[in-house]
Structures are given as C-alpha cells and as structure tokens.
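Sequence order for the protein chains is A and B.
If you read the first sequence in our numbering, its first letter stands for residue 5, the second for the next number, and so on.
If you read the second sequence in our numbering, its first letter stands for residue 5, the second for the next number, and so on.
Simulated from the structure, these hints should not be mistaken for lab results.
Please note that a few of the clues may not be correct.
Since the list gives no way to pick out one identical chain from another, each pair is judged satisfied if it fits inside one copy or across any two copies.
[As the list claims (entries may be wrong)] Here are the simulated DSS-like cross-link-like pairs (lysine-lysine), alpha carbons at most 25 Å apart as the crow flies:
{"id": "1", "residue 1": "K93", "residue 2": "K197"}
{"id": "2", "residue 1": "K272", "residue 2": "K150"}
{"id": "3", "residue 1": "K214", "residue 2": "K120"}
{"id": "4", "residue 1": "K61", "residue 2": "K197"}
{"id": "5", "residue 1": "K197", "residue 2": "K23"}
{"id": "6", "residue 1": "K61", "residue 2": "K93"}
{"id": "7", "residue 1": "K186", "residue 2": "K6"}
{"id": "8", "residue 1": "K61", "residue 2": "K98"}
{"id": "9", "residue 1": "K120", "residue 2": "K93"}
{"id": "10", "residue 1": "K197", "residue 2": "K98"}
Protein chains: 2
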Amino acid sequence: MKYSKKFRVKPGSRVELDKIDPGYTAKHDSHLHAQPEIEAYSQTLRGLQYLLYAEGKRSLLICLQGRDAAGKDGTINHVLGAMNPQGCKVTGFKVPSKEEAAHDFLWRYHQHAPAKGQVAIFNRSHYEEVLVQRVHDMVPKSVWSKRFDRINDFEKMLHDNGTHILKFYLHIDAEEQLRRFKQRIDDPARHWKISEADYAERPFWDDYTKAFEDALSHCSTHHAPWFVIPSNHKWFRNLVISRIVCEQLEALDMQFPEPAVDIEDIKKKYHAIAAAEGLKT
Amino acid sequence: MKYSKKFRVKPGSRVELDKIDPGYTAKHDSHLHAQPEIEAYSQTLRGLQYLLYAEGKRSLLICLQGRDAAGKDGTINHVLGAMNPQGCKVTGFKVPSKEEAAHDFLWRYHQHAPAKGQVAIFNRSHYEEVLVQRVHDMVPKSVWSKRFDRINDFEKMLHDNGTHILKFYLHIDAEEQLRRFKQRIDDPARHWKISEADYAERPFWDDYTKAFEDALSHCSTHHAPWFVIPSNHKWFRNLVISRIVCEQLEALDMQFPEPAVDIEDIKKKYHAIAAAEGLKT
C-alpha cells in the first residue's frame with residue numbers, strides 16, 4: 005500500500021491520536037534496515053524537485069507540525085535537506101512581529117507560499133493559529149473555531165493555483181518527548197538549545213491533543229491532506245516522509261518543458277561562433 | 005598555503021584575468037583524486053553552518069558571479085547544497101521588477117542580506133549593476149563608475165553588523181564556455197534550458213572581461229574579498245570553494261552559546277514531571 009494512503013487522514017474522518025501508535029515501524033526493525041531505502045528516496049526526491057523546477061507549472065508546500073521535540077528540525081535536516089537550496093525555502097514561524105499581528109491570521113503565512121517551480125517548507129505553519137492560540141486562550145473560541153473553514157479556503161485557493169500541499173503531523177507520545185528532553189540535558193553540547201518553553205507547554209499535553217485532533221479532522225482535504233507520521237523512531241519518520249513526498253510528486257506526472265528555442269537554429273549559431281573564433285567543435 | 009589566500013584578489017591589486025589559468029588544478033590530477041576531500045569539506049561546512057546558527061551573532065553572505073555556463077548553479081547544487089536549507093537562503097537575481105527598478109541600485113539586494121545566524125547565497129548579485137548594466141550601456145559611465153565605492157560602503161556596513169562576505173568569480177575561458185554550450189545541445193534532456201541569451205552575450209566577451217576586472221580590482225577589500233576560482237574543471241571549482249568557505253568560517257572562531265536556562269533548575273523540572281506522570285527516567 006502506498007504510504008500516501010496508509011498514513012493519510014481520510015477527509016471527513018475523525019482523528020483519535022491515542023489510537024495511532026507513535027512507535028509503529030511497519031516491516032522495518034531497525035535504522036540500519038531502513039537506511040538504504042531512505043537514501044534512495046533522498047536521491048529520487050532531488051530528481052523530482054529538479055523536474056518541478058524545470059516544469060515551472062506547479063509548486064510544493066510542506067507544513068510540519070508537532071509538539072516540542074517531535075522532530076520538525078530533524079525532518080528538515082535529514083529528509084528535506086536533500087533538496088537543492090536553490091528552489092527550496094524554509095520558513096520557521098515564531099512569535100509574530102507587531103506588523104504581522106496587526107493583520108489577518110493568514111497574512112504572514114501567505115507571503116511565504118511557494119512560487120511556481122519552487123518548494124516551501126513551513127516549520128510550524130498557519131495551523132499554529134488553531135493550536136497555540138487556542139490552547140492558551142489567545143483568541144476566543146468564536147474566533148479560532150471559524151479558522152478551520154478559512155484555512156481550507158486558503159489552501160483551496162493555493163491548490164487551484166498549482167500548489168501541491170502536504171501536511172505532516174509528527175506523532176510522538178509523552179514518554180518519548182520526555183526521553184528527548186533528557187537527552188538534551190545529558191548532552192552538554194545541546195544545553196544552549198534548552199528552553200523553559202519546552203517544559204512550560206508540557207502540562208497542556210491533553211489540550212494540545214484535542215487541538216491537533218480538531219485541526220487534523222477539520223482540515224484534511226483531498227486537495228491538502230494531513231498525514232499522521234509515527235515519529236517515536238526518527239528513522240521511521242524520515243523514511244515515511246521521504247516516501248510520501250516522492251509518491252506525491254511522482255503522481256503529478258511532471259514533464260520537462262519543450263525547448264524555448266529552435267535547436268537547429270542554436271546549432272547554427274554555435275557553429276558560426278566556433279568557426280569565427282577558430283575553436284575546435 | 006591556505007586557499008583563502010591563494011585565490012584571493014589582494015586588496016588594492018589590479019586583476020588581469022588573462023594571466024590567471026582557468027584550467028589550474030593544483031596538485032590534483034582528477035575528479036576521483038579530489039572527491040574524498042570535497043566530501044570531507046561538505047561535512048565540515050555543515051557543522052560550521054550549524055555553529056553559525058547556534059552562535060547567532062554572525063552571518064554569511066556568499067556572492068557568485070561568472071559568465072553564462074561558468075557554473076553558478078552547479079556550485080550551489082554540488083557545494084553549497086550541503087548546507088541545511090533551514091538557515092540558508094538562495095536568491096537569484098534576474099531582470100528587476102518595475103518596483104525594484106524604481107529604487108536605488110542596492111535596494112533589492114539589501115532585502116535579501118542574511119540575518120544573524122543565517123547564510124545567504126546570491127546567484128548573481130549587486131555586481132550585476134557594474135557588469136551587465138555597464139556592458140549594455142543601460143546606465144551611463146558617470147553612473148556605474150560611482151557604484152564601486154557605493155558597493156564597498158554597503159559591504160562595509162553589512163560587515164560591521166557581523167556579516168562575513170565572500171565573493172567568488174568563477175573563471176572559465178571562451179573555449180570552455182563553448183564546450184558547455186555544445187554539451188547542452190548534445191543532450192536532449194537539457195534542451196529546455198537553452199536560451200538565446202547564452203549566445204547573445206558571447207560577442208561581448210571582452211567587454212565583460214574588462215567589467216569583471218574592474219569590479220574585482222575595485223571591490224576586493226579586507227572585509228569583503230573577491231576570489232578568482234579556476235573553474236574550467238568543475239570538480240576543482242567545487243573543491244576550492246568548499247575549502248575557502250570552511251577556512252573562512254573556521255577563522256571566525258565561533259562558539260556555542262551559554263545555556264539560556266539554569267541546567268540544574270531544568271533537571272529538577274524534568275524529574276518532577278517524570279515523577280508526577282509515573283514515567284521511567
């Protein structure tokens with residue numbers, strides 16, 4: 005079965021995260037077992053990105069969401085980092101600036117939507133507006149509850165303009181998050197990365213679960229699906245995401261464009277220059 | 005000798021491109037011979053980029069210039085593509101938009117200068133304003149000739165704000181350019197990339213040489229040096245650029261920052277959560 009189907013949130017269905025095993029690894033039993041496959045998909049991904057760029061008709065938007073330490077940065081570093089940086093732009097969304105906060109909730113995200121031929125990766129995304137904003141009561145329910153429809157409309161508009169949208173929820177459990185916090189404490193080279201915020205969000209675990217479930221359920225559409233990625237094992241997360249991105253790009257059936265010039269005419273120009281300059285051809 | 009020194013345009017000196025061998029390969033006699041070294045530098049580069057990001061005090065701006073087919077795209081793909089796309093933004097500068105053209109000549113470049121901790125790669129750069137604009141008489145000499153000083157001032161300002169600037173001129177000769185044009189003609193998969201513009205610029209070869217020589221001579225400064233990279237051999241170009249970028253980043257003597265939190269305090273928080281939730285620690 006295609007991973008695009010296996011891990012997709014079926015449009016219209018209700019997600020229950022507790023029923024999805026974050027430690028799932030399919031038929032793979034170890035990192036070593038999966039690594040050759042991950043590397044092969046990285047190569048394929050790079051080729052497909054080149055084709056997307058060459059064709060110049062479609063674009064790709066990848067949204068990464070997940071709790072602290074779920075592996076958003078690692079996914080970019082180990083999977084999406086295979087892409088050519090010329091044609092791939094990563095945007096991380098943190099606390100909005102004063103100017104951003106003075107606009108509608110989609111304004112700052114829209115500016116970073118990918119141009120034709122390009123890939124945009126959102127490290128956190130417009131879904132923060134129905135996650136952190138909801139959990140911490142930054143806007144009332146009457147406001148955030150309307151955002152699901154507005155997000156679907158926004159994504160439909162991008163889709164109609166040729167943007168292929170893939171949204172990944174990196175699914176870890178509470179024990180795995182704590183294990184990762186511990187690893188940061190145990191490794192002095194990573195102390196600079198530790199933030200109070202990691203621990204401040206932890207008591208809201210169940211509130212986030214509910215908020216994620218609502219976002220995944222309301223906003224997994226045919227034109228912009230959500231995927232729930234079992235992410236307790238980093239290598240399996242990498243394998244699944246690289247495979248889904250490849251499957252989805254392959255399904256676009258992209259083609260190299262026709263030459264913009266008359267090749268016979270160019271050949272003549274080439275020979276004329278070579279002859280005039282006395283160069284071997 | 006450090007490659008940073010060997011290939012640098014000495015500030016105040018006069019560049020004569022005809023006296024620099026574009027086919028130079030130092031002690032290396034083949035791609036196979038250099039490849040392990042290139043790969044080692046790629047790894048080092050990635051580590052140094054991470055340190056730049058972690059430290060968050062300095063930034064890196066890499067400008068790539070060269071004639072058509074000199075290898076700007078290839079350098080990004082094969083050398084600078086080793087970097088994590090989160091923290092590295094490539095901007096290609098083509099014909100300016102109407103809004104861009106309505107501003108001063110540095111306006112559109114300034115917007116893409118790297119933030120602290122970030123790498124910006126310019127595929128073509130503000131030097132186009134003293135290259136194509138000069139060669140095709142798009143502005144009079146009275147205008148472009150003043151730009152060298154303005155560019156030096158601009159780069160000094162960026163440097164004073166912590167931006168480390170490296171500028172690479174990819175040096176190929178006329179025969180090598182024609183050989184690369186021929187390879188594009190001979191490979192149907194690359195026909196879509198062929199542009200009339202490649203051939204239209206060729207008669208201006210000597211004018212460009214003069215324009216490049218002036219730019220390299222006027223604008224190689226201690227704070228923003230130019231490097232002339234022998235680029236007839238793509239693998240040697242890759243080796244030299246990756247080595248120079250590594251040497252220059254190493255010289256910054258970057259350090260991981262001190263933790264932003266009290267680690268003992270964080271440990272207590274960690275154990276309190278683990279105990280409260282009954283998780284193994």
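Results of checking the hints against the structure:
1. Proximity of K93 to K197 under the C-alpha cut-off of 25 Å is found in both arrangements, the shortest distances being 23 Å within a copy and 22 Å between copies.
2. In this homomeric assembly, K272 and K150 never come within 25 Å of each other (Cα to Cα): the closest approach is 62 Å inside a single copy and 40 Å across copies.
3. Taking the closest pair of Cα atoms, K214 and K120 never come within 25 Å of each other, the shortest separation being 35 Å inside a single copy and 36 Å across copies.
4. For a Cα distance limit of 25 Å, the shortest separation of K61 from K197 across copies, 15 Å, qualifies, whereas the shortest one inside one copy, 39 Å, does not.
5. For the homomeric pair K197 and K23, neither the shortest alpha-carbon distance inside one copy (32 Å) nor that between copies (50 Å) is at most 25 Å.
6. Both within a single protomer and between protomers do K61 and K93 lie at most 25 Å apart by alpha-carbon distance, with minima of 17 Å and 22 Å respectively.
7. For a Cα distance limit of 25 Å, the shortest separation of K186 from K6 qualifies neither inside one copy, at 35 Å, nor across copies, at 42 Å.
8. For the homomeric pair K61 and K98, the shortest alpha-carbon distance between copies (19 Å) is at most 25 Å, but the shortest distance inside one copy (30 Å) is not.
9. Taking identical chains as interchangeable, the C-alpha atoms of K120 and K93 lie at most 25 Å apart whether they share a chain (13 Å) or sit on different chains (17 Å).
10. Taking identical chains as interchangeable, the C-alpha atoms of K197 and K98 lie at most 25 Å apart only when both belong to the same chain, with a minimum of 15 Å there against 38 Å between chains.
In this structure, the earlier hints numbered 2, 3, 5, 7 are contradicted, and the remaining ones agree with it.
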